[in-house]
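Novice: Go by the hints and put chain E onto chain D.
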Amino acid sequence: MLIEGYTALYIFMLAAIAGYEVIARVPVILHTPLMSGSNFIHGIVVVGAIVALGHAEGFWELLIGFIAVLLATGNAVGGYVVTERMLEMFKSSKQQ
Amino acid sequence: MSTNFIVQISYLAAAALFIFGLKGMSSPRTARRGIVWAGIGMLIATLVTFIHPDLLALDGIAINYVLIVLALVIGAAWAWRAGKTVAMTDMPQMVALFNGMGGGAAAAIAAIELLRAQTTIAADPAAGLVIGQVMRIDVAILGILGALIGSVAFTGSLIAWAKLDGRMRRNRVVPAQQLINLALFVATILCGIWVFFTGELLPILLFFALALVLGAFIAIPIGGADMPVVISLFNALTGLAVGFEGYVLGNPAMIIAGTVVGAAGSLLTHLMAKAMNRPLTNVLFSGFGTGPAAAAGATEGEQKEIQAEDAGIMMAYAEQVVIVPGYGMAVAQAQHKIWELVQLLQARGVRVKFAIHPVAGRMPGHMNVLLAEAGVPYDLIFDMDEINPEFPKTTVALVIGANDVVNPSARTDASSPIYGMPILDVDKAENIIVVKRGKGTGFSGLENPLFYHDKTRMLYGDGQEVANQLVQVLKEL
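One line per chain: the protein sequences are D and E, in this order.
One point on numbering: in numbering that gives the first Met the number 0, the residue at position 52 of the first sequence is 51, and numbering is uninterrupted.
One point on numbering: in numbering that gives the first Met the number 0, the residue at position 154 of the second sequence is 153, and numbering is uninterrupted.
Pulled out of the complex, with its shape left as it was, chain D reads as follows:
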């Protein structure tokens, strides 16, 4: 399914606004976990890597596709684990 040019422009625009708004009021204490969290979210590239490897043909395309899925999985899984580890530690005095 290809998305027509204009529709995609609207998606790009709205997603950019959403990303900007979400970050705009973030306390400094969460900057590192948030950088790590957004790093995890672009791990969605794993979906594209799977599709790309899925329709790859011939040795070189298969090899590059394999590397793509490998790298993308590392991004997604690693990003999740480290973000979760960092956020797990944030507690207020009442919770302790």
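FYI, nobody ran anything at the bench for these hints, they're computed from the structure.
Warning: the hint list may mix true and false statements.
With a cut-off of at most 25 Å between alpha-carbon atoms, the simulated DSS-like pairs for lysine-lysine come out as follows [unchecked claim]:
{"hint": "1", "chain 1": "E", "residue 1": "Lys427", "chain 2": "E", "residue 2": "Lys474"}
{"hint": "2", "chain 1": "E", "residue 1": "Lys438", "chain 2": "E", "residue 2": "Lys303"}
{"hint": "3", "chain 1": "D", "residue 1": "Lys90", "chain 2": "E", "residue 2": "Lys427"}
{"hint": "4", "chain 1": "E", "residue 1": "Lys438", "chain 2": "E", "residue 2": "Lys454"}
{"hint": "5", "chain 1": "E", "residue 1": "Lys303", "chain 2": "D", "residue 2": "Lys90"}
{"hint": "6", "chain 1": "E", "residue 1": "Lys22", "chain 2": "D", "residue 2": "Lys90"}
{"hint": "7", "chain 1": "E", "residue 1": "Lys392", "chain 2": "E", "residue 2": "Lys303"}
{"hint": "8", "chain 1": "E", "residue 1": "Lys474", "chain 2": "E", "residue 2": "Lys352"}
{"hint": "9", "chain 1": "E", "residue 1": "Lys392", "chain 2": "E", "residue 2": "Lys438"}
Rough simulated footprint, nothing fancy, chain E against chain D, three-plus residues with beta-carbon under 8 Å [claimed, not checked]:
{"hint": "10", "segment": "7-21"}
{"hint": "11", "segment": "25-31"}
{"hint": "12", "segment": "36-44"}
{"hint": "13", "segment": "50-59"}
{"hint": "14", "segment": "66-79"}
Cβ atoms here follow ideal geometry from the backbone N, Cα and C, with glycine treated the same way.
Specialist: What follows is chain E alone, placed relative to chain D:
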């Protein structure tokens, strides 16, 4: 219900979960929930991709499925282990590494799509088609752009990782580095345009090679202190590359998630650069401290020493103590002892607060993570704007492992490389105790007049040992 419908609806749900998850992560109270939501979104999106129409269209090419599962398992197992075992102090380079992998994946997707188009062209040379015709024009342009950005983020992040991990110590600044980088950038762009107008294999290979070298060259001259900003920039770039490749594959989940990260990451980069008072152009185009060495302003007076016992008693009878931790504290692994000290002080009725400079640690917020790891509740931790008005009401400011972020030269000395950087107004406290390894200058090599101030007492020693001594003093009181 067609499988395509299930796939598309799942992608939509995943995109929504990502945005809500990111929103949740922007407040400490809901942060944990936020990452779990985003994680569920990722899981859904990955699983439904196995029934993606493009994959179902394969008639019995089992090798592709086998490779997909194999790569997923190996990648996940490695990253899970690496993520679980990395020390909190090493978090910045780990994020850089994972980010680089994402950028590499986006570039690899672009490579496959370009190679596929090239194969189609090569199969029928008589038609004389070019990439820009075989792929739709807009798809080809965004695909090539995404390949460029992803490749740069890939090698750039790897260099950042190697530097922060101590695998690449020196900043190798080649003469005319900026000129070389500019030439390389122009060459890469031209090569990208060539790819668009050709059906040959060579320009594609050359284009990727140039883009990968460009990423490394951008990161190599950048100094350690500026690295967080650069990692954040590469993070935003990876997001953008993922969004562009999402367009190439017609995958809305990738477009939305990638663009959200691209925008959020750009803003985060801007906020960090602002906090450090280092405009992004300075970070990218001038190595920190590589300019002519500023004549070190002659500091008057001498450093006055204090013993742990006196320091402990001073704090025990204080009304308010503000602790200013720096990366040095984390390196000495003193945060657990410091938290014990804080609890002892609190038991005596002393008000204790932590003051965090935006760039304390290796990334903004890194110090908060390190304190949180030691069990310090986040409502004791204050950022610069909140705590600065408090210093005049503070009996003792305890500076441990921090240096540049409390250096008053940033306010007064126009010749100082950190001139203009907002600092913590520690010098306005009634008493200042500085815990420091020795008399020398710190990480950046700058003299700090605070250490020579009349109100300042120096407590020499390893951070953890000193904290331990202070705890003993307080226990025996």
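Novice: Please go over all the hints and tell whether each is borne out by the structure.
Specialist: Each hint tested on the structure:
| no. | hint | result |
| --- | --- | --- |
| 1 | E:Lys427 with E:Lys474 | violated, 29 Å |
| 2 | E:Lys438 with E:Lys303 | holds, 11 Å |
| 3 | D:Lys90 with E:Lys427 | violated, 30 Å |
| 4 | E:Lys438 with E:Lys454 | holds, 17 Å |
| 5 | E:Lys303 with D:Lys90 | violated, 38 Å |
| 6 | E:Lys22 with D:Lys90 | holds, 18 Å |
| 7 | E:Lys392 with E:Lys303 | holds, 23 Å |
| 8 | E:Lys474 with E:Lys352 | holds, 20 Å |
| 9 | E:Lys392 with E:Lys438 | violated, 28 Å |
| 10 | 7-21 | holds (count 10) |
| 11 | 25-31 | holds (count 7) |
| 12 | 36-44 | holds (count 9) |
| 13 | 50-59 | holds (count 9) |
| 14 | 66-79 | holds (count 14) |
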